[in-house]
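Student: Single-letter residue listing:
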Amino acid sequence: MSVIKAEGVTFVYGQGTPFQKTALDDVSFEMREGEFVGLIGHTGSGKSTLVQLLNGLLRPTKGKILIDGNDIWQNPKKIRQVRFKVGLVFQYPEYQLFEETVAKDIAFGPKNMGLPEDEVEKRVQKAARFVGLREELMEASPFELSGGEKRRAAIAGVIAMDPDVLILDEPTAGLDPLGRDALLDQIVSYHKVRRNTVLLVSHTMEDIARIADRIIVMSKGKNVLFDDTRKVFSQGEELEKIGLQVPQITKIMMMLRKNGFPVDSSVLSVEQGFQEIISCLSSD
Amino acid sequence: MVRDITLGQYLPGSSFVHRMDARSKILLLTASVVFIFLCFHFASLLIMTGFTFLVLLGTRISLMKYLKSLRGVLLVIVVTGLFQIFYGSGEPLFEWYFLKVTMNGLVSAAFIVVRISILMMISATLTYTTSPTDLTDALEWLMKPLKLVRVPVNDIAMMMTIALRFIPVLLEETDKIMNAQKARGADMESGNLFKRIKALVPVLIPLFVSAFRRAGDLATAMECRCYDSGAVRTRMKVMRFGWRDLCALLICLTVYAAVLCCGRWLPSVF
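As you go down the protein sequences, you meet chains S and E in turn. Here my numbering is used: the first sequence runs in plain steps of one and ends on residue 284. Here my numbering is used: the second sequence runs in plain steps of one and ends on residue 1270.
These aren't lab readings, by the way, just hints derived from the structure by calculation. Do not take every clue at face value.
[As the list claims (entries may be wrong)] Lysine to aspartate or glutamate pairs mimicking EDC-like chemistry, simulated, CA-CA at most 16 Å apart:
{"hint": "1", "chain 1": "S", "residue 1": "K77", "chain 2": "E", "residue 2": "E1189"}
{"hint": "2", "chain 1": "S", "residue 1": "K78", "chain 2": "E", "residue 2": "D1187"}
{"hint": "3", "chain 1": "E", "residue 1": "K1198", "chain 2": "S", "residue 2": "E117"}
{"hint": "4", "chain 1": "S", "residue 1": "K77", "chain 2": "E", "residue 2": "D1187"}
{"hint": "5", "chain 1": "E", "residue 1": "K1176", "chain 2": "S", "residue 2": "E94"}
[Claimed, not checked] A short, non-exhaustive set of chain E residues, derived as facing chain S with CB atoms under 8 Å:
{"hint": "6", "residue": "T1102"}
{"hint": "7", "residue": "A1110"}
{"hint": "8", "residue": "A1180"}
{"hint": "9", "residue": "K1182"}
{"hint": "10", "residue": "A1183"}
{"hint": "11", "residue": "R1184"}
{"hint": "12", "residue": "D1187"}
{"hint": "13", "residue": "V1201"}
{"hint": "14", "residue": "V1209"}
{"hint": "15", "residue": "S1210"}
This structure is a prediction, so every number in the text was calculated from the model and none was measured. Quick reminder that beta carbons are idealized off the backbone N, C-alpha and C, glycines included.
Produce the entire structure from the sequences given, and follow the hints as far as they go.
Tutor: Okay, here's the thing in C-alpha cells:
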C-alpha cells in the first residue's frame, strides 16, 4: 500500500519571468508504508524542491502528489492537515527554534494541530526521548544548547507531530562524526518503533547504504533511479556519470572484481566486505 | 512570496542617463528640482516640463513606468490641486456657499499639479537608472565635506552598503524560516489582524537571532582582514566625470538660464 505517491510532478520556479527554471521534470514514484527511503542527488538536482512539494509547501506546476490515494491539492484550504501527516525537517533546522524553553518549542507543532494539553505534553516527552534529549534540557532556553542538541530539539519538534511520513533533509549536515552516527542511529530506532515511512535526504553514501531499504537517485530534476539499495549501488558507473559516488567499500570491491577476484561487488558495509574477501580467499 | 519584492527601483539599462556619473545625476537632479519651483511663468514651466520629458526619454524607460510612479502620490496631487483652486485671490468666477473659484486659483492649481508631477517623474529617473551601490558611492563622495565637522562619512557609507547587501540575504532567510514553521503547522494566512501578528513571532525571533549571528560573523571577518574605516581605499569601479556628464551639465545650464530669463523679462502670472 503506497502512503505517498508522486505522479508526473513538474515544478517550475518563477514561471513567466526571465528567471524561469525547471527544478523538477516529470517525476513519478511511490513510497510504501513502513519503508525507509534514501534520496540522493547532486546539489541543484531538485531534492529540496521535491521534499517541499511532498508536504504541500510548494504546489506542483504539473502533476499530482497523492497521500493515501488523495490529491493533496484537492482542497487547498486543508493543506495544513497534509503538513501534519507529512513531517518535514529542513536543512539546519536549529535556525527555526524560537520559544523560551525547549519543551515549548517542541510543543509548537502538536499545539498547532489543536491537540489537548495533556496529549501535547505526552508527545513532547516521547519525541524528546526518541532524539535523546536529556530531561534537564527540556526547561532550558533552546539558544543555550550546543549545536547537536539544538538539532535534536528541532527534529523532535517535527517528530512530536507524529507524522505518517517523516522527511529529513540532510539531518546530519555540519555535525561531527560521532554526533552524526548517534543521530542516525536514533532516527533508525525511531523508525523501528514507530514503523512509519521515512525519507532521508543525504550526501553521505555510507549512511544511506547502511540504513535505507530503497533509494531514489535524482539528477537534473529527474528521478533517474529508484530501486533497492543494493541494486542502486551496484550501478557504480551510472552513478559516477551523474557525479555521485558509491560507498568506498563498494568501490573497493568493484576494483577487486575488475582485477580478477571473484567477489560480490554489491556489498554495502565494511563488515560485509570483510566477509566477502575472506570467503573469496579461502575458497581458492 | 517574500522573495518577489523588488529591491529598490533600479531598472538596469545602458542609456545615456544610465551611464552618467551618479554624482552628477544627484547634483543636477537637486538643481532641477529647485528650478522647477522657480517657475512662475507659463513659458518657464513649459521649458521645465519639456526638459523633464527630455530626461525621461534619455533613460529609454517606458513612459508608462513613470506614469505608474505617479500613482502613489495621486492623492497628494489631487488634494493640493483642489485646495489651490479654492484659495486663490481676486475676482471670483463663481461662488457656491463659502467656496470661491478665481482665475488666480485655477492657474495656481494647474501650476502645482504640473510641478509635483514633473518633480516626481524627474526624481524617479535617479532611482530607476542608478544601482543602489552606485548611489551609496556617490552619496559617500558628496558627503565628504562633512568629514570636516567630524561626521563619520566612511562608516555611514559602509553601513548603507552592508544594509543594502543584506536585504536579499535576509529575505531569503525569512522565506526559509517561514517554510520551516509552516511545516510545523504555523498558520500565517488566516485569522484576524491580532492573530496574524502573533503568528509572526515564530518567524521574527529566529530571523533576529540569525541577523545578529550574521552581523557578528561579518564583524569578525572584517576584523580578520584588518578593516579600518579611516584607511584610504582605492575603488574597483572608479567614478568618472565623463563627456556625458559635461553634455548633461551644458544642457541643464541652458535650461536653467532660460528659466531665469523668463523670470527676468516676463511678468509673473500670479
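Student: With reference to the structure, classify each hint as holding or not holding.
Tutor: Status of the hints after comparison with the structure:
1. A threshold of 16 Å between alpha carbons decides the hint, and for K77 (chain S) with E1189 (chain E) the separation of about 10 Å falls inside it, so the pair holds.
2. Between the alpha carbons of K78 (chain S) and D1187 (chain E) the distance comes to roughly 11 Å, so the proposed pair stays at or under 16 Å and holds.
3. Pair hint K1198 (chain E) plus E117 (chain S) does not hold up; C-alpha atoms about 20 Å apart against a cutoff of 16 Å.
4. Only pairs whose Cα atoms come within 16 Å are accepted, and K77 (chain S) paired with D1187 (chain E) is accepted, the gap being roughly 11 Å.
5. A C-alpha spacing of about 12 Å is found between K1176 (chain E) and E94 (chain S), which places the hinted pair at or below 16 Å, so the restraint holds.
6. Using the Cβ-Cβ criterion of 8 Å, the hint placing T1102 (chain E) at the interface with chain S is not satisfied: the shortest such distance is roughly 52 Å.
7. About 41 Å separates the beta-carbon of A1110 (chain E) from the nearest beta-carbon of chain S, more than 8 Å, and the hint is not met.
8. A hinted interface residue such as A1180 (chain E) counts as satisfied when its beta carbon comes closer than 8 Å to some beta carbon of chain S; here the least separation is about 4 Å, so the hint holds.
9. Against a cut-off of 8 Å between C-beta atoms, the interface hint on K1182 (chain E) holds, since the closest Cβ of chain S lies about 6 Å away.
10. The interface hint given for A1183 (chain E) holds, since its Cβ lies 4 Å from the closest Cβ of chain S, which is under the 8 Å cut-off.
11. Because the smallest distance between the Cβ of R1184 (chain E) and any Cβ of chain S comes to about 4 Å, under 8 Å, the interface hint for this residue holds.
12. For D1187 (chain E), the interface hint holds, the least distance from its beta-carbon to any beta-carbon of chain S being 6 Å, beneath 8 Å.
13. Given hint, V1201 (chain E) at the interface with chain S, holds; its Cβ is 7 Å from that chain's nearest Cβ, closer than 8 Å.
14. Among the interface hints, the one on V1209 (chain E) holds; its C-beta lies about 7 Å from the nearest C-beta in chain S, closer than the 8 Å criterion.
15. Against a cut-off of 8 Å between C-beta atoms, the interface hint on S1210 (chain E) holds, since the closest Cβ of chain S lies about 6 Å away.
In summary, the numbered hints that this structure violates are 3, 6 and 7.
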